[in-house]
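S.K.: Given only the sequences and the hints, what does the whole structure look like? Please build it.
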Amino acid sequence: MFRLWAVAKHTLRQCLRMKVAVMFIALLGCALVSMPFMEVLKGDGTLAGQIQTFLMYSTTITAALLVLMTIFLSTGILSGDVRTKQIFSVSTKPVAPWQYIIGRWLGIFLLNVLLTALAGSAIYGFAQYLRSGEALATASGKAEDRRKVETEVFAARDRVGPDEKLDIDSAVAKRISAMKEQGRYQEVLQGFIDINKGDREEGYQSLLRELSKQELSKVEPIAAGKTATWSFSGIEAAGRESSAVGTVRGISRQAKAVQIAASPQFVGKLTYDGPVTVNGVDGRTVRIDPDSFVASFSQEDMSRNAIVALSQGEKVDIVADPTIQVTYKASASRRPADGTVASYWEVQNPAENVTFSQSRKDAVNIPATLTVSARAVDADGKTVVRYWNLAEGANTITIRQDDVFVLYRVGEFGPNLVRAMALILAQAAFIGALGVLAGALVSFPVACLFCFSMLPFMVARDFIIDAVVPLAARQRTGWVHYVHHSIVKGINRLLPDFAGTFPGTPLVDGIYISWGFLSESLFWMLCVQSVVLLAVACLIFRKRELARVQV
Amino acid sequence: MVDANETVVQTVKLTKVFRDFWLREKVTAVSELDMEVYPGEVFGLLGPNGSGKSTTLKMILGLLFPTRGRIAVFGRRPNNVKIKSRIGFLPEESYLYPFLDAHETLDFYGRLFHQPRQRRRRRTEMLLEMVGLSGVAYRRVGEYSKGMQRRIGLAQALINDPDLLILDEPTAGMDPIGTKQFKDLIRLLAERGKSVILSSHLLADVEDVCERVCILYGGRERARGTIEDLLEVRSSTQITTEGLDESALAKVTKAIRSAGRKVLEVTAPRDKLESLFLRIVDEAQAQRLTTGGATSGGEVAEFLMSGSDVEGKQVIDRLIAKPIEDQPAPASEPAHTESEPAQEVIEQLTTPAVEKPEQKAGPVSDKPAPKVDRSVLDNLMGGSADSEE
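Chains as they are written, first to last, in this note's numbering: chain A, 1 to 551; chain B, 1001 to 1389.
In short, the hints are calculated from the structure, not lab data. What you are looking at is a predicted structure, and each value in this text was computed from that prediction instead of being measured. The reader is advised that the hints may include incorrect statements.
With a straight-line cut-off of 25 Å between C-alpha atoms, the simulated SDA-like cross-links for lysine to any residue are [to be verified]:
hint: 1; chain 1: A; residue 1: 9; chain 2: B; residue 2: 1021
hint: 2; chain 1: A; residue 1: 543; chain 2: B; residue 2: 1120
hint: 3; chain 1: A; residue 1: 543; chain 2: B; residue 2: 1076
hint: 4; chain 1: B; residue 1: 1082; chain 2: A; residue 2: 19
hint: 5; chain 1: A; residue 1: 543; chain 2: B; residue 2: 1068
hint: 6; chain 1: B; residue 1: 1146; chain 2: A; residue 2: 87
hint: 7; chain 1: A; residue 1: 85; chain 2: B; residue 2: 1239
hint: 8; chain 1: A; residue 1: 85; chain 2: B; residue 2: 1067
hint: 9; chain 1: A; residue 1: 543; chain 2: B; residue 2: 1081
hint: 10; chain 1: A; residue 1: 543; chain 2: B; residue 2: 1032
hint: 11; chain 1: A; residue 1: 9; chain 2: B; residue 2: 1120
hint: 12; chain 1: A; residue 1: 19; chain 2: B; residue 2: 1103
hint: 13; chain 1: A; residue 1: 85; chain 2: B; residue 2: 1243
What the simulated footprint calls covered on chain B by chain A, stretch by stretch (three residues with Cβ under 8 Å from a Cβ of chain A suffice, anywhere in the stretch; the number is not a length) [claimed, not checked]:
hint: 14; region: 1063-1072
hint: 15; region: 1106-1112
hint: 16; region: 1245-1256
C-beta atoms are modelled at their ideal positions from N, C-alpha and C, and glycine is treated no differently.
M.R.: Printed below as a string of structure tokens:
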């Protein structure tokens, strides 16, 4: 381990002193520092949009620069040692090939750890800066924007779909089975083959598409004035109350309401008509401003000493209930004139009959979110969501089951960002192993070319496999099929899915990156795929003549 | 430590054939080479360009694999990691990391030998002092001149106090000071029982330090043996004496002729250019003139003399003193003779004829190099031994 560590430390020092590493560090620093102030990165003009755009660009640029830098360093260092014969001085010392290879990889990994930590800290710092009131003054200061920032961006939320989820693939498979049982399948298939000019594979794909379309159309469209109901279970939103200290700004005994000033971060977690606790007394939020809110109390609660004795300027303990969000995407049978459709939503606690409702007007075909108190979820984690179609002009609305979710907070933004950066680090570590393997085998340009040619298989793996499948499927036997099968299998096993493990999207949407997902990704990328590549690199390095012909 | 009975390096029918991309035989770099190197021996590998010297060294180091034949280094295969802790290697160019300074370079290589921090630090300081780079220890190696790079290269080869030191063109690019120190060091290491394999074009260097040499041509061994055996000229006798005036010289000539021998050449010996150069540099250093480059090195690193960092000064003194005690005085060293000279001639020669000349200042070689017939080496090497590889 001592020698391995010596090589790793040496590699880290080498990386830091190489101009390529310095240039990448400078680029990364410039990008992260300038991004929050770039006009083009303001998103949709809201603060939430600006922060989300910043998070997406910063994580993407960090991942891209780390991957590029790792390719150049890992391929360059190993092949460079052989090219410049510095390997003579190292391999004639008591260092085993595996110690050299792993040490080199470890050094690059340590550099990536350092850079990921720096980038993560910078992203966190700038995101917090944007979240602060100072940044808010230049963006939309609306309470809704603040609520979105606090509950949808600076959050780590899990999500559940409706209990009765339509499985299109299974439904299509059932339809095909039924046709086979009825002896109609070949006849139907032949019809589609004929439509596709005798191309059997295209005919089969057309049949699948048609059946999927039919199954999807079975999702009940919601006619004007009609309702749709979805049940959700497994929601674990309890126990995530936010507490703070507020200042009484005004009190109206007649209106049974108290205006309390609080930090924007706290106010952003309140929901309109949602519960709020003031000095231990339950109230209801009836107005939300960027830096204050008005809590309304029942006659009985208003007369309690904890409320009635309040005076202006007095400090009060305030607690906001946890919230849940319902996200959905509605499509209309006819496009409305203003592009929006009106609706009425109810989110109901099925056990206690507590209901929160909202009237909304949302753009069609764009995901929308409504936020309500988590009191809408019963003790068993169940809730019921009901939708009324109030669209004008008898417009029929369709909300697919795949497009409606309930989200609930399970963690905070900071730890989520740490897990996101860990995923980026794992991707860079795998690329490091790939580069070390290539560098141990061939010269720098060829090794670089090899790594870059592998990148598309990792970044757009699903797309490439989907593009190749029809080609091979035409010839189910023979070498094309065999080669295709081997390539697809090899890619799936050896190369990680960078798109699937890229943490930018969940981070931007405030989706919880679970420890389970992180552990699984790290296990495959670091403990399996990287180890396989490094083992091959060690084997090659051991069997390779490090000197060249000079006669 | 080296076992006196252990063969340090042994090659049996060692052959290296280089092939092209299509595995067609391109060139035979080394062919059926049998070679042994023993403990305490300085072994020279000589040969013109492309004779297979470097290829042989690289196979001994495990950087190239033999096509046929066998190599054993300390009884094991060359790529065995354990034996590498007993080897020091100075390649034909110092392939060091240019972004490290001398201090960091030695520290890094010391780490690869798993040396504790204290020992690493101590050895680094001593080696830098020894190779004369203490003043530039924190300059990056990439900024060093070629000679300075050779010095730091030598230091890295010695960081582990190796039992086998493999040197490929070690004095190439070194100034005469460094060359002399280097040769002194090799002699010292050999006295301590270390083995040295030296590949060089500089025949004078090889001749000065090697006990045995192997001369290669076209990848095949052409000659092998001790320097003495290979270079001995039995047909003439050389006598070195204090300066003689004309009359004394005439007497000597007469005495030789009377013994039935011809006087082939009578010359006044000249000082060596190396000696003159070293004397001038010594004088400059005595006057403390500044230089941005390497200075002449200091004492040989303590651990290289004693074999242990903790041994006391007495041991060091003894080791330093030993070669002088063991050597006969230069003036009394007999020259090689074909037959016993007549007693009369000796008496005449030992009679002081003139005043003793003034002792020359500056460093001189402990053992005057015997006048050698350089043509023997040139003939064996195909007459192009001075060209660089």
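S.K.: Give a verdict on every hint.
M.R.: Structure-based check of all given hints:
no. : hint            : in the structure
1   : A:9 to B:1021   : violated, 37 Å
2   : A:543 to B:1120 : violated, 31 Å
3   : A:543 to B:1076 : holds, 17 Å
4   : B:1082 to A:19  : violated, 36 Å
5   : A:543 to B:1068 : holds, 16 Å
6   : B:1146 to A:87  : holds, 19 Å
7   : A:85 to B:1239  : violated, 49 Å
8   : A:85 to B:1067  : holds, 22 Å
9   : A:543 to B:1081 : holds, 14 Å
10  : A:543 to B:1032 : holds, 23 Å
11  : A:9 to B:1120   : holds, 16 Å
12  : A:19 to B:1103  : holds, 22 Å
13  : A:85 to B:1243  : violated, 53 Å
14  : 1063-1072       : holds (count 3)
15  : 1106-1112       : holds (count 4)
16  : 1245-1256       : violated (count 0)
Checked against the numbered hints given earlier, the structure breaks hints 1, 2, 4, 7, 13, 16 and satisfies all the rest.
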